[in-house]
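Based on the provided sequences and hints, a complete structural model is requested.
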Amino acid sequence: MAGLELLSDQGFRIDGRRSHELRKIQCKLGVFSQADGSAYVEQGNTKVLAAVYGPHEIRGSRSKLLQDKVLVNCQYSMATFSTSERKRRPRGDRKSQEMTMHLQQTFNAAILTSLHPRSQIDIFVEVLQSDGGNYCASVNAATLAVIDAGIPMKDYVCACSASYLGDSPIVDINYLEESSGSPEITVAVLPKSEQIVFLEMNGRLHEDNLSKVVDMAVKGCKDVYGVLDRTVREHVSQVGSSLET
Amino acid sequence: MVHDNQLEKSNKFLRIRSVHGRNISVVREVYRRENVPCQSPLCLSDCQNSTGDGGLSLLPADVNHYLIPDCQVAREFLEVLENPVVTGIIFLQTVVHSVQHEGSKRLYNRLRNLVKDKRKASIIFHNEFQKYAYCEREEGETLCDWQTRSTYAAAEWYFHHLATQKPIIMVTLNKQAIEKYENKTLNVFVLSLEEYLRKFWQSHIPEVMELYESLTASLETKVKEKDYKGYLPLDILESGVKSGRFVQGHINVNRNNAGQEAFVRQKRSGSTVEDDRDILIHGMPARNRAVHGDLVVVEVLPRSEWRGRSSVIKESQEGQGEGDEEDGATDENVMPTGRVVGILQRNWREYVASFASNEQVSEKGGKVLVIPWDYRIPKIRISTRQVEKLKDQRIVVRIDSWEIDSQYPNGHFVKTLGPIEDLEAEISAILLENTIHVSAFSEAQMKELPVDTPDNPWCIEEAELNKRRDLRSSHLIFSIDPKGCEDVDDTLSVRELANGNLELGVHIADVTHFVKPDSLTDMEAKSRSTTVYLADRRYDMLPGILSANLCSLISGVDRYAMSVIWELDKNFEVVDVLYGKTIIRSSYKLFYEMAQAMHDGISLTEIVKNVPELQNMLEEETEKRVEELRCAVTLLMRVARCLKARRVSGGALELESVEVQVQLTETKSVEDLNPKDHLEIHDTIAECMIFANHWVAKKIVEVFPNQALLRHHPLPKSEQFENLKNCAKSKGFDVKTSSNKALAETLDRCVDSKDPVINKILRMLATQAMSVASYFSTGSLPRDQYFHYGLALDYYTHFTSPIRRYADVLVHRQLMAAVLAEGSEGLPGNQELDELSEHINHQHRAAQNAQRDSQELFQYLYFKQKDLNNECCRADAIIFQIRANGLMVFVPRYGIRAPVYLRNKDGQVLYVQESGQSEWTGGSITKSEGSVSVNSLVGSMTLTLLDHITVKIIPNSSRAHASSLKLELISTEGYALDQDIPTTEKMSKNQKQAIIQEVRAVAEEKRTQSSSEDQGHQFHSLKAEFGQTPESESLYSLFESFKEMAKKPIS
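First to last, the sequence lines map onto chains A and B.
If you read the first sequence in full-length UniProt numbering, its first letter stands for residue 1, the second for the next number, and so on.
If you read the second sequence in full-length UniProt numbering, its first letter stands for residue 1, the second for the next number, and so on.
It cannot be assumed that every hint is accurate.
[Said to hold, decoys possible] In the BS3-like style, the derived pairs of lysine-lysine whose C-alpha atoms are separated by at most 27 Å in a straight line are:
#1 K47/A with K131/B
#2 K222/A with K9/B
#3 K760/B with K741/B
#4 K219/A with K9/B
#5 K12/B with K47/A
#6 K131/B with K116/B
#7 K9/B with K47/A
#8 K415/B with K391/B
#9 K24/A with K131/B
#10 K12/B with K87/A
#11 K9/B with K24/A
#12 K729/B with K927/B
#13 K28/A with K9/B
#14 K927/B with K760/B
#15 K24/A with K12/B
#16 K12/B with K28/A
Derived from the structure by calculation, the hints contain no laboratory data.
Following this line, the structure appears as structure tokens:
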């Protein structure tokens, strides 16, 4: 696949987007009735399901119990059919564990944890199809699920990735761009306050360009926020109208 | 998400091959939009065209049409589109992708540069991102059809987008596409490239049409050249070979026409093809990635596709071949032709190679083509980062693979041998190319060997003394060898017995006593098989302690020997023969000239002066001894003369020149270094050796009829003598080749009293026509093929030089087992012996080739340092073969055989004027029987076989291959014919020696120069800084000496 032109002279990326354009995001709240909250997010070809249970009593070992705040328990897993070659282990491999940890950190920062001491919130994320930006899609889906479950948060958590190609930053990178060896920055922010709750970078990027890329990613997060917020409002109005009748 | 609503998402399904070689299906999204910039100033909608200096090219407004090439045109005729006059080209994204994936990276880069060039005013249009220009690939639609369809769709869109202001022309090579789309939309034209160029450009730029035609032509040949086919599966190959549908054999590339011709010798004769002629493999596609030496399976093509081999001496790109293949077949003379369908075994080895002189240093880690030293090996692609460093070096490479889609095999760099034209590097190249390994003997091997130092002298063992016959006091034994010979492996004795009979003894060094079967030394000797003599050095088969000392039958010391002793009656008929191990002490180590002189009767003082063994003795004693020795030598010569006469008449075999010639080539370098006239004593020694070999062969074949190692010389093929006959005919001689006797007799008669060289050349040609003698195991050949044609003996083997030939070692073991009636235990069986003899034959050939190569190298280096106008670069030459475009000549003075071209590569012919001026002009060459005439514009000349001509010797340097000498005709008259011939002959040998010495001296000089140059003037300062402190000042050595002192016991 050598020699693929990731960014053409006219500024088109390999999938026809321009550098500042996000992939198409489609989402839905309340996809499951058994879970307290659930959501489905499609970000391009990356498709993620999230389910939230809780807050409820600590399950399993009570030693994990926290006296002053809620325990956020996450689980990230990828379906065996999510990649082009069948995945052997859907969860528990190093990458998934890392992802789980990152999700946990992100939502610990976003959820108002002190409201539910000595209890637990479970967030389960399942990647159904993977095409780059798995973390971002997972965070976005989990946010919607948490909102669906009615758990108070400081703000939406929106995540978006960005990279740097040639001499311009590109936003929301897909699998092909991810695997081309260019740097990848993943940011999760609270859009209203523009607080960064999570930031990770893979690959090498010159310091001078860092702020450009981060700005691009934050702008991407805000765009994501727009979509999520619209979806939530639509969902709520739907639910509200169905209650009225 | 600004443009979210304008974007339309769809998926593209691809099947790609993953890194692991598995096919996986991949889904990629594609977003389409309406506002893809059209880059045209005529645009009426608000396309955000980037303009200005930093931006992209814009299409010109002033052309009468825009051009859209389709994928195939862009891939194959980009060069046409690169013409600066052709502007306003729209390359569609579809087309660019096709260039990128189906074309090459280089092509893609060219396309990008074209688009970047603003003068060309050409653009890339992303039609696949344009919502309306794009068309989805339908199910079952071929890639090619889809590409054409989307190209046309984009062309239409463009036309409408610009509101029909500009006609659009789509060029294609696809005829169906033209038919299909031609009349679909007005002003969107679909034309073939040819038509387009003719209509629009031929009047302005006629060369564009020529370019188109030459590209088309080269494309056609390229398609033909490149299509290698896959190999058939192994089981089909095997069954095909068994059923006779395919033929199996080793592929042999014609050195002089390596790009075109290769041959496969059929292993089993006469199954599919009526005769056992070689099968011609013509062209690289038919050869199908087989490399010289591979074991291949060949399918014979139908008779209509058979073709003949070319009789032209090819002047190859880098240098010239030596052209020693036999002629006689012309283009009409078709031979079975086939193509390779499978390869059973690759016989890839390490190849010596070098970079082409103009190899550009590409980016780091690039792929580079290297040219192997051997003409028969195709170029090899290696990847290296050291191009700069290795540019002028001879390097060793290995082939790794040859992919089906690759024109050349892939390989890797192994090591470097040294700079090109450096003597040592060239010699190691020669050795490597001939697969001769000459590493030093290992320590473990040396440990096996007996020692002989001044402190610990070697002496014969008591046990051996009892087992062996002691000839030390009873026999007068002496050796006759070339002067300065170190490895004396044969000695002779002759004496009269009491009953009046004669006793002749041949005593050969007993190498097998020291070299036990399967010992390390034995293994090593087996793998080397022979001592290799190069022009200026030799590589021994056995370690020096054996070859120059313990096995060498030097005078005055006791040595073990294997003896063959005959009792001959008055008429020199063999009465009795005795084989056995002995202990001898050679009394005299004579050299040929001395022995001959002794026989001819030179004075006593002269003898004493030249024979060290006779010095410091009482005069009477000396006289007695000299007389004794003189008697022995004379008697020996008498015996030999008679034996030879008997062999000549009885066996019908006066092919004296042949076998002696062969023997000469086997030991040639020694003889070359010690120039001498041909003396009778040479024949004497040779005859004794032949006699011994013959009797040993008789004995071992009698005892081991199924596993004796013999040497046979098969009948030559009659067609091989064509050239000899032609040559002889041109001088009015008639050579009969019906039997060896007839041949020998008629050759004797071919003597031109005025020109003695003629006879020599005819004999040389006869030798050339001979098959090659080879070793074999008696179990694997029918009895009627045991004979030796050249010597006319029914059995023959090699027994007399065990120090330098491994075959003799084997024969010694067999003879000993035969004599002691031990049975065949411990001896190699037939199967093993057969393989061994194959190996030995191969090594012998390799050694001879290496020797020849090294001599050519020295000749080349010699002439290279000579001025071209130097007297010694002109020489007399004799024509011995006439070829379609030149002559093969022999230069007696230097012993060079090489072609002289009469027609050069441009088809011009050479004409030599009376004044000695030669020039190349247009003309023709007519070849008739025995002569060739050149008709040129200036005049005509005729050359006949065996004519003397004068040639200029020009060193023909060649970077990649072995450098050689090139001959140029400068006069049709002989050169310096007044020189009497014996001196010329002598000269030739002296010359060779002089050449070798001179070349070596120059090489030495160069080395010393370069080493001092390397360090240069900085040497002293560097030494002061980094060199070791002299021992006298060094504290380190002082402390070390204290330490040593402490270890010593206090006395």
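These are the hints, each one checked on the structure:
1. Pair hint K47/A plus K131/B holds up; C-alpha atoms about 25 Å apart against a cutoff of 27 Å.
2. Of the supplied pair hints, the one linking K222/A and K9/B holds, its CA atoms being roughly 21 Å apart against a limit of 27 Å.
3. Under the criterion of a C-alpha separation no larger than 27 Å, the hint pairing K760/B with K741/B is consistent with the structure, at around 18 Å.
4. Only pairs whose Cα atoms come within 27 Å are accepted, and K219/A paired with K9/B is accepted, the gap being roughly 22 Å.
5. At most 27 Å may separate the alpha-carbon atoms for a hinted pair to count; K12/B and K47/A meet this at roughly 17 Å.
6. Between K131/B and K116/B the CA atoms are separated by roughly 26 Å; this keeps the pair inside 27 Å, and the hint holds.
7. Note on K9/B and K47/A: the hinted pairing holds, with a Cα-Cα distance of about 15 Å set against a maximum of 27 Å.
8. A threshold of 27 Å between alpha carbons decides the hint, and for K415/B with K391/B the separation of about 13 Å falls inside it, so the pair holds.
9. Of the supplied pair hints, the one linking K24/A and K131/B holds, its CA atoms being roughly 16 Å apart against a limit of 27 Å.
10. About 22 Å separates the Cα atoms of K12/B and K87/A, which keeps this hinted pair within 27 Å; it holds.
11. Taking the CA atoms of K9/B and K24/A, the gap is near 7 Å; set against the 27 Å cutoff, the hint holds.
12. Pair hint K729/B plus K927/B holds up; C-alpha atoms about 16 Å apart against a cutoff of 27 Å.
13. Distance restraint check for K28/A and K9/B: the Cα-Cα separation of roughly 18 Å lies within the 27 Å cut-off, and the hinted pair is therefore satisfied.
14. Proposed proximity of K927/B and K760/B is supported: the alpha carbons are some 25 Å apart, at most 27 Å.
15. Taking the CA atoms of K24/A and K12/B, the gap is near 15 Å; set against the 27 Å cutoff, the hint holds.
16. Under the criterion of a C-alpha separation no larger than 27 Å, the hint pairing K12/B with K28/A is consistent with the structure, at around 25 Å.
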